[in-house]
Amino acid sequence: MSDRDESRDDPRAEQTRYDQARYVENGQYEPLLSEKDQTRVEIGGNGGDGGSPLPDDLTRDSLELPELSEPELARHYTRLSQMIYGIDSGPYPLGSCTMKYNPKFTEDVAALPSAAVHPDRSERSVQGTLELMYRLQDYLGRIGGMDAVTLQPPAGAAGEFVGIRVAAAYHEHEGEGHRDEVIVPESAHGTNFASAALGGYDVVSLPSDEGGRVDLEALEAALSENTAALMLTNPNTLGLFERDIEEIAEMVHDVGGLLYYDGANLNALLGRARPGDMGFDVMHYNVHKTFATPHGGGGPGAGPVGVVDELAPFLPAPRVRENGASKSEPGYELFDPEHTIGKVHGYQGNWLVLVKAFAYIARLGDEGLADASAKAVLNANYLASRIEYEVPYEPFHHEFVASAGEQDAADVAKRMLDYGVHPPTTKWPEIVPEALMTEPTEVEGKDTLDRLAAAFNAVADEDDETLEAAPERTTARRIDQTSAARSPRLSWQALESEGDDE
Amino acid sequence: MHGSDATGSPYAPHTDDERARMLEAVGAGSVDDLFDIPDAVEFDGEFGIDARSERETRRLVRTILGRNDDLTELLGRGHYGYYVPSLVDHLADRSEFLTSYTQYQPEISQGFLQALFEYQSLLVELTGLEVANCSMYDAATALGEAATLAERVRDTSGHRVLVPDLLLEGRRSTLENYVAGTDLAVDTYPTDDANVDLAALEELIDEECVMVYAENPTVRGTIEEGLESIGELAAERDALFALGTDPVALSLLQRPADVGADVVVGDASVLGLPTSYGMGLGLFATTEDYLRQVPGRLVGASEDATDRRAFTLTLQTREQHIRRERATSNICTNQAWVALRTAMHAAYLGPSGMVDLAERGVTRAEDLAERLDDLVGATAPVHDRHHLREFVIRVDQPAPAIADDLEKRGFAVHVVGDHELQVCVAGVPDERIDPFVAAFREVIR
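Note that the protein sequences, when read in sequence, are chains A and B.
Each residue of the first sequence is one higher than the one before, starting from 1 at the first, in the working numbering.
Each residue of the second sequence is one higher than the one before, starting from 1001 at the first, in the working numbering.
Be aware that one or more of the hints could be misleading.
[Stated by the list, open to error] Over 12 Å on every C-beta distance to chain B, these chain A residues come out as not near it, computed from the model:
1) R17
2) R165
3) S208
4) S224
5) H253
6) D254
7) V308
8) A312
9) E338
10) G405
11) P433
12) N457
13) A458
14) D461
15) D463
16) D464
[Stated by the list, open to error] Cross-link-like lysine to aspartate or glutamate pairs, in silico, EDC-like; alpha carbons within 20 Å at most:
17) A:K427 to A:E394
18) A:K104 to B:D1069
19) A:K36 to A:E64
20) A:K36 to A:E72
21) A:K427 to A:E210
22) B:K1408 to B:D1070
23) A:K104 to B:D1070
24) A:K327 to A:E123
25) A:K36 to A:D19
26) A:K104 to B:E1054
27) A:K427 to A:D464
28) B:K1408 to A:E333
29) A:K427 to A:E367
30) B:K1408 to B:D1069
31) A:K36 to A:E498
32) A:K427 to A:E462
33) B:K1408 to A:D461
34) A:K36 to A:E496
35) A:K427 to B:E1325
36) A:K427 to A:D450
37) A:K104 to B:E1325
[Claimed, not checked] Chain B is faced by these chain A residues, among others (derived, beta-carbon under 8 Å):
38) Y101
39) Q127
40) M278
Hints were generated in silico from the structure; no laboratory data involved.
Built from N, CA and C at the ideal position, the CB exists for glycine as well.
Construct the complete structure from the given sequences, taking the supplied hints into account.
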């Protein structure tokens, strides 16, 4: 018999009635592998089966892990998967994360045996891999309006770090090594701050103006001969286009700084505007966002970086180029840019993700990419017009930030889970109180957006008591995150030793 | 048919009628009215990328990648082509795993959080250290993060990181980039017959040193014999001992906790991923002492409102989305799905399967080295050590020419010196070993 509380059901919500899978065994949800079995294997000549090919002093004594059959594992992981919500489960309007439906065929092309090659293979023997990389570099360059692209960064934040390192190398090369500040708007993604700091820069935080955009006076005050770069996303995290971008670029360039484009919001602009045309010198592409490659529960992604000609000599090594060896069949080779910063990944980044991104872009072409942006913007505007929460900043593009007002945005999010939708990003950016940062993307149709709006509105009408008790239809009920941080238990071994203490 | 344009995004489900009603609802005449982009920066050109059907796109990618030669790869040096069981592909490809985001809403993400918790637990057992994160990008970036952690936790003014002279160029270069924004500098210590030269290392470790890095097995496939001594040297000088290794090696070789390792890094995707042109899974484990300085995401156990055990991302105040420029790392999107695959592969093998896989890496490498050593014009292994998975061969003729000839016969090997090749048995099917030895015999004549 279900232990779920049916009493609070709102008739409006019945249309999205949702119950997530839940397994309970011995009072716990799906047991850990270690609770199903633990088998200790002794290693070395003196213990157990013996016959180790190595002397005892070079080996461990034993290894203790679960030893389960394939059917047991298939059921374990199937059950775990059923206790996860993905974009294939329903809408996922996480602002700034751009959770789009991922076409299935890209998995098949990434799984081609010819995609699985060792990174130390000779260039001659991996012409296909190099050609695909070359073509993807070319696609990305055209889409971003950039002259040269590296595919090496394995994630967006890694791309930011490349941008920062390239900027540092460029300034050093120009005899401007004294520049030690990177300017970042307060509303920027946390990675911008962290990447600049990892690159050794002092971070200068830039406030927004009343309209939610870059405050030009504050920018003027922040810029100096110490400015290495300004990191900006456009549209910004409120979904607002920085209309003064030309002036911003001029101001940054006037003091000798570089303009960095955070590609997290590129899905709003495909075919409409290009960072290169706006005056950006260096940018990263979140191919796992803009080009619908699956996020995999938190990666792998890929964060290719594009630059203008002037910065190309500083890109990571190696890059791919045509070698012009034969007219009939083009050949490709790796090369090190003249003043390369070296590597930011052991090899060439997350190759399989790049294959998926290439396939996605090749499938959509110019019209498909532009249409994706058009409908992403239409969807955001439509959804915002349908919800009862206030949206203080506009006109926005692909995402908007609503305010939960008197309600706690985190509680609103928990309650939305009960309506079978993933909630928006909450409590960020901080300029909007109790922010609900919402990005439906182009993959939702009107009916889904209407259901999503119904979920928002149902929650908007609910009292704090209901919100604080949520969620109740998900696998787990509200989780105590404070105690998880106060007494960290990060492995099954930690849980076991805790049991020993009792 | 959805949409008016057959050439629009095939993944946007709007019909013309819906689009019209949505525009009406927002009070816009056209979608163009919704874009707030100044004319001066509007893009009116074309990318020049033709749209294709799904079938045509598949054919395009297949055709391009079809230009790759089909070779038997006897390649290793940190990246291994172990057979990945079908179970891993089929279950990891379940769309809830593949198409979910980072688990910021834990109540609706229990399955992935538990899988990552199990991955962390696997590494805790393998390393003997108390804390493992749920992924970095690859071995090189994990090494970079280890160095920045060492700088944070060491309260001396030290600034040196010591690495072996044999360190892979990709790892060295990535490490250099990671420390470029810090006060750290990377210095090299020598090796002796592909193991750490302990006497030289002792000379080099001083109060300035914040971290010593060693690998087991080494990049030349030798098993490091001086780990305990390195651990002692590092501890005496108050430097962290960072050990580079991988889950297969850890199944058999000395446990890092037993040799005094403070941090374990490396590539965990030796299990779970085929050779993927260098795509990886950065392993990162350390002791409880440095818990609050760990980079990356951590999954912890807690309880939900029904008092049942539940999992959640935890200690997020270390992370960039909260701590911004004071975060322990800039990492956000990591390699969660690869960690899932690695945990699945390890679970499939079980402890006996993992130990067996590692032991076969020793015996198969020994056997192949012996067979190559029997050939005139070749000496193997070059290093007088125990080996795991791979070893170096000395050849009388120039090594690059021999590698080229082998490639023409369908085999890929590393060139590691003018007269040195390196071969790896990991993932090479038994039935390809005889043809390889035969090809080798032919090309060294």
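**Prompt:** Against the structure shown, which of the earlier numbered hints fail to hold, in ascending order?
**Reply:** 2, 18, 23, 25, 29, 33, 36, 37
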